[in-house]
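Whenever a hint applies, use it, and build me the whole structure from the sequences.
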Amino acid sequence: MIDHRIFPLLRCPTCGLRPLIVEDHGLRCPRCQAYYPFCDGYLDLMPRGAAFDYVSKYVTDEEQLAAELDYRELAPPLLAAGVRDRTLRRLMRWRKTDVVLDNGCGTAKYAVWNAKYVGLMVGSDPATLFADEAVRTVTLVKADSRVLPFADNSFDKVFAIDILEHFPLPVIDAYLAETARVLRPGGRMLAFSNTRERSPIQPLIDVSRKIGRLFVKAGVYDFEREKLRKSDHIKALATWEDVVAAFERAGLRPVKVVFWNSLFTTFVEHVLMKLGEAVIGRVRGRTPTTDVPARVSAGTAREIRARRRMRGYLRQKGPVYYALLAVTLLMELDLWLFGWMRCGSYFILVEKPRA
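Those letters in the sequence shown? Residues 1 to 355, by full-length UniProt numbering.
No lab work stands behind these hints, which were simulated from the structure alone. Just so it is clear, the structure is predicted and the values come from calculations on it, not from any experiment. All clues stand as given, with none of them false.
Mimicking DSS-like on lysine-lysine, the simulated pairs with C-alpha atoms at most 27 angstroms apart in a straight line are:
1) K256 with K235
2) K210 with K230
3) K217 with K230
4) K57 with K235
5) K57 with K230
6) K116 with K256
7) K57 with K227
8) K210 with K227
9) K256 with K96
10) K317 with K116
11) K217 with K227
12) K96 with K116
13) K210 with K235
Here are the in silico distance ranges between beta carbons for each label pair:
14) R48 with W336: 44 to 52 angstroms
15) W336 with L275: 21 to 29 angstroms
16) P170 with V220: 37 to 45 angstroms
17) K217 with A66: 24 to 32 angstroms
18) D173 with R198: 21 to 29 angstroms
19) W340 with D40: 41 to 49 angstroms
20) A218 with D24: 54 to 62 angstroms
21) H233 with I21: 36 to 44 angstroms
22) E248 with E23: 37 to 45 angstroms
23) E248 with E62: 29 to 37 angstroms
24) H4 with R48: 17 to 25 angstroms
Heads up, the beta-carbon is just placed ideally off N, CA and C, and yes, glycines get one too.
So this is what it looks like as structure tokens:
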């Protein structure tokens, strides 16, 4: 979906001019004549002729990842994604008048889940692994976050979930500087990411990891799909001091932080849910799974089958849904009980000062 309310917010990512001319099948810059087509549910606003030293693997390996990440169909916001979503809503305090950017939206699931609470939700990403529901319900833009195609002071709020850990430091600085540029004075940004720091309760957390490794060794399940998703994590912001310094360099003032010491979360992710996926992925059912890509590993295929079957159960909002909601609330206890305790994973809320 391309909401026409986005057009006044745009500027040419190639030369910086605004406004762009709206044509039948796309947008054109009147100065540099760059043309930006309307695609299948999104706008292609990548800068023309630009060359970057760093390119995300989600762009270079988009075709492979499209097959292995099973991204097109969204489940409800549950488990770790549900904790992120609930925290996003709680800290951002959405208003119906807000114009919001999900900067580095990926599938745009968080944009989809929160679009009903705001005035205009925009998702931006250089890869087009957008979920089908996002294409139908959210204004999506193919764009590079180092050269955002939006005018200064366009957005009331911006969020970035699981983004900063992917980038080297120069890209982080460019990303945050551009975010600050398009954010209105007094506007706020929420980021969730992680550093290299260990939790003070890491020995307790590692118990669940050790149990998970025993099941992997026994061949019950594996973490190949998770390794693929995290294979380009750089964590250039290695410490909390690095995080604060990066936001301050961009002119963004920290307002609040909540750390995620994942005591309950790790048990759920490394043991409980993996066992459930192993069982569901092996059991024959009526849910079609024949279109699982042939080239993925056996463990990844089993996990994809399990998740597709689970999505079928969750659409019914029955016992399975409410059981997973209860598990989500258990995982959220990590924030309420230990959110004050410095560790690697964090939510940071920052503000662009008023002039």
